[in-house]
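Chains as they are written, first to last, in the numbering used here: chain A, 1 to 112; chain B, 1 to 492.
Please note that a few of the clues may not be correct.
[As the list claims (entries may be wrong)] Derived lysine-lysine pairs resembling BS3-like cross-links, with alpha carbons at most 30 Å apart:
| # | chain 1 | residue 1 | chain 2 | residue 2 |
| --- | --- | --- | --- | --- |
| 1 | A | 96 | B | 102 |
| 2 | B | 423 | B | 102 |
| 3 | B | 423 | B | 356 |
| 4 | A | 96 | A | 23 |
| 5 | B | 423 | B | 354 |
| 6 | A | 23 | B | 161 |
| 7 | A | 96 | B | 356 |
| 8 | B | 444 | B | 25 |
| 9 | B | 354 | A | 96 |
| 10 | B | 102 | B | 161 |
Hints listed in this document are in silico derivations from the structure and should not be mistaken for laboratory results.
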Amino acid sequence: METIMSILIGVLFAIGTYLVLTKSLLRIILGTSVISHGVNLLILIMGGVKTGGPPLLGLDALSFTDALPQALILTAIVISFATTALFLVLSYRAYKVLGTDDTEQMRGNENE
Amino acid sequence: MNNLVIMPILIPLITGLLMVAFRRKAVVQRFLSVVALGATGAVSLVLMVQIKDSGIQTLQLGGWEAPFGVSMVADMFSGMLLLTTSIVSLLCLVFAFYSIGKEREAHYFYPLYLFLITGVNGSFLTGDMFNLFVCFEVMLISSYVLISLGGTGIQLRESIKYVLINILSSFLFLVAIAYLYAATGTLNMAHLSERVAEAGQNGILTAIAILFLIVFSLKAGLFLFFWLPGSYSAPPTAIAAIFAALLTKVGIYSIIRIFTLIFYHEPHITHLIIGIMAAVTMLLGAIGAVAYWDIKKILTYNVIVGVGLIMAGLASNSTVGLTGSMYYLIHDIIIKALIFLIGGTVITLAGTSKLKYISGLIQTYPFLGWMFFIAALSLAGIPPLSGFIGKVFITEGTFEAGFLWLGAIGLITSLMVLYSVMKIFLNGFWGDSYLDEEKKGEVKGILFPLAILTLLTIGLGVGAEGIYSYAELAIESLMNPLLYIEAVFGRG
């Protein structure tokens with residue numbers, strides 16, 4: 001299971017990197033959010049996929065699953081949600097003010 | 001256990017939240033933010049005294065013992081940075097009162113400013129890798145909004161680059177944390193230090209260390225600084241000054257922390273890489289500072305040179321070198337705020353940032369001119385100002401460690417820095433004045449924070465001996481990870 005997940009994470013990172021390297025702002029933002037999914041999966045499998053019972057007191061199990069990665073992912077998801085929302089608003093505003101969403105046309109020293 | 005440890009995070013956070021309710025009342029916001037930052041400064045002072053008297057102060061949040069809960073740790077290194085942060089952010093805030101404008105004040109400038117300080121203080125205090133990530137994000141998200149606040153064309157364009165770079169480096173940060181957790185099974189810094197020391201820092205751990213180095217270098221502007229000159233010249237003066245003073249320093253703090261506390265076993269790999277990056281950073285930064293004829297560009301490239309120099313002290317991996325880094329770090333926070341504020345004032349007064357069109361400002365603004373002169377000398381490390389002592393120790397440290405090239409580059413770039421700031425002084429302040437009498441801007445209120453910062457840089461240089469006992473303690477806990485570990489686990 002971990003191997004398949006690792007390959008999936010690799011694919012997500014590759015797609016994300018490709019999207020971030022394109023010129024359109026919207027694609028760049030989508031790229032960052034694809035990468036964030038890859039990162040979250042990575043944290044998930046770093047603790048090992050389910051290895052025992054849930055970590056609850058009074059549960060009769062020989063081994064327990066590590067619950068920490070889930071807690072970390074929850075925080076990471078909230079943060080990446082917030083940054084993505086902010087980034088979307090920012091690029092919409094930039095599109096309205098600068099009149100383009102093409103990063104190639106945003107270059108140069110105008111407005112300085 | 002000491003509840004004071006979390007106060008530098010809670011005070012600005014809660015005040016910032018309260019202030020959102022007073023959106024239309026700028027006076028209330030100003031008052032509350034001054035009180036909050038003043039209180040943070042007072043708490044850090046008390047913390048420093050406590051650390052001096054009874055060792056490193058810790059707080060286990062929620063009563064969960066380390067390594068299971070989140071630990072907050074204040075050692076002398078964090079304490080000194082906290083105090084400097086409070087003072088400098090308070091002064092930049094006072095500067096902002098006179099310069100930021102009604103529009104930005106009404107759009108949550110002060111709450112955002114306090115959230116930024118919350119994130120900075122949190123990064124200095126946390127003893128947990130994931131918590132460090134969260135504090136970084138608090139700081140970064142505030143900075144995303146601050147850099148784009150106002151929404152002019154250049155701000156939007158630069159903030160898109162800034163946000164993208166930082167989002168990507170945050171993902172790398174998470175990847176590094178995930179790897180570290182997989183390799184060691186813990187994220188508590190003290191526990192990490194122990195486990196890495198027990199298991200030995202093998203190839204995998206060194207690779208993870210390098211990944212962390214890349215992440216923090218992106219934030220600190222160490223070698224990976226391509227985003228920095230653009231982003232730091234876009235926002236208004238007060239915001240640019242606090243960015244230049246604090247944001248890169250948090251990255252530097254993190255690098256120093258993890259490479260003295262956790263990954264200190266393979267200095268011939270990690271510290272050598274840091275040394276090479278520091279050398280290249282100093283050279284490229286100095287070349288940029290010398291090459292441009294634009295005040296904003298010259299100053300932002302000077303930020304980069306400073307980062308390189310502080311890292312050179314760490315690369316030497318010696319007590320002397322680290323003492324130098326410590327002094328220079330504090331000096332750099334003060335001087336970068338000062339020189340950015342003066343530079344920004346000059347740009348506002350002259351109406352342009354191009355040096356060719358500025359001249360003779362010292363005739364109309366003598367105080368501003370002489371303060372810039374002092375700041376410039378201090379930046380270049382002329383005794384008895386505050387830059388000197390740090391530079392001496394860093395150079396000594398690099399020579400001691402056998403990195404002659406690194407020390408030499410540090411000294412050569414100091415000369416280039418001196419040339420670059422003197423260029424501003426000679427062209428901008430000397431010569432015939434172009435300014436019309438009626439165009440003369442008002443600088444009275446602005447001069448007050450500048451004067452305090454100038455006094456601080458002089459005081460830190462002349463009174464370096466006075467804070468040596470504090471610096472010594474800070475370096476002791478950096479050079480000896482056991483002190484930190486024992487404090488966190490309550491064994492001391």
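Going through the hints against the structure:
{"no.": "1", "hint": "A/96 - B/102", "result": "23 Å, holds"}
{"no.": "2", "hint": "B/423 - B/102", "result": "34 Å, violated"}
{"no.": "3", "hint": "B/423 - B/356", "result": "11 Å, holds"}
{"no.": "4", "hint": "A/96 - A/23", "result": "17 Å, holds"}
{"no.": "5", "hint": "B/423 - B/354", "result": "12 Å, holds"}
{"no.": "6", "hint": "A/23 - B/161", "result": "12 Å, holds"}
{"no.": "7", "hint": "A/96 - B/356", "result": "33 Å, violated"}
{"no.": "8", "hint": "B/444 - B/25", "result": "24 Å, holds"}
{"no.": "9", "hint": "B/354 - A/96", "result": "29 Å, holds"}
{"no.": "10", "hint": "B/102 - B/161", "result": "27 Å, holds"}
Going through the hint list in order, the structure does not satisfy hints 2, 7.
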